[in-house]
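A.B. asks: Sequences listed follow chains A and B, in order. Reminder that position 110 of the first sequence reads as 110 in my numbering, one-by-one numbering, no gaps. Reminder that position 65 of the second sequence reads as 1065 in my numbering, one-by-one numbering, no gaps.
It cannot be assumed that every hint is accurate.
To be verified - Derived DSBU-like pairs: lysine-lysine, alpha-carbon spacing no greater than 35 Å straight-line:
1. K38(A) x K1009(B)
2. K1057(B) x K38(A)
3. K1009(B) x K114(A)
4. K1057(B) x K71(A)
5. K56(A) x K1057(B)
6. K54(A) x K1057(B)
7. K1057(B) x K5(A)
8. K68(A) x K1057(B)
9. K1057(B) x K37(A)
These are computed hints drawn from the structure, not numbers from a lab. Being a predicted model, the structure only gives us computed values, none of them experimental.
Residue-level listing of the chains:
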Amino acid sequence: DQQVKQNSPSLSVQEGRISILNCDYTNSMFDYFLWYKKYPAEGPTFLISISSIKDKNEDGRFTVFLNKSAKHLSLHIVPSQPGDSAVYFCAASALRNNAGNMLTFGGGTRLMVKP
Amino acid sequence: DSGVTQTPKHLITATGQRVTLRCSPRSGDLSVYWYQQSLDQGLQFLIQYYNGEERAKGNILERFSAQQFPDLHSELNLSSLELGDSALYFCASSTRLAGARNEQFFGPGTRLTVL
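Model the full assembly from the supplied sequences, consistent with the hints where possible.
C.D. replies: Following this line, the structure appears as structure tokens:
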């Protein structure tokens, strides 16, 4: 049972345009969400996070939106750059459990930004 | 460079064998996490240690065990290896046990191949 899903395995975008990566979750206990970027032969790198008390968090070119009623979040990258080409993972955590910060990951979306 | 180191980078072994993967967290981080990334299961949480104690457990097989030493480095022991254990094993570390803004920083991973 996949509790975090990224339904698009890949996305291709032109340089300078907006990239929108989507993520859905099913577990109502999740209250903290993160996006990680992964290049080949490297570990995931933290990008941006959002708590369930917010619906938007922005950091430079990256913005994460959270729609709790739809159990959906999205990552917007604008403008997209060729260096953004990587696999993006959505992850979720249930902080209220206070047992640790174990992350549940989605399957990833491969973003390709074309020059 | 996340500051998290993992050794070895690659490991090739035979079914039935036992291996040990090593992780050194970022300086000052007390939490260490282990994740497995396989082709069919994606990134899955295995176990978390905080300051030497086990604090959270995911879908970790009984054949697998881990520990965190007084110098905070961690080892993941995999025994009676099966073909299906072939995967990338990531270690991550964070500052605290749990909570928001306790982002996990991932090492480059150990690629285990069981023949």
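A.B. asks: Decide, hint by hint, whether the structure agrees.
C.D. replies: Hint check results:
1. K38(A) x K1009(B): 17 Å, holds
2. K1057(B) x K38(A): 24 Å, holds
3. K1009(B) x K114(A): 31 Å, holds
4. K1057(B) x K71(A): Holds: K1057(B) and K71(A) sit about 25 Å apart, inside 35 Å.
5. K56(A) x K1057(B): Holds, because 31 Å separates the two Cα atoms, which is no more than 35 Å.
6. K54(A) x K1057(B): 28 Å, holds
7. K1057(B) x K5(A): Status holds; Cα separation ~21 Å.
8. K68(A) x K1057(B): 27 Å, holds
9. K1057(B) x K37(A): Since the Cα atoms of K1057(B) and K37(A) sit roughly 24 Å apart, the hinted pair holds (cutoff 35 Å).
Every hint from the earlier list agrees with this structure, and none is contradicted.
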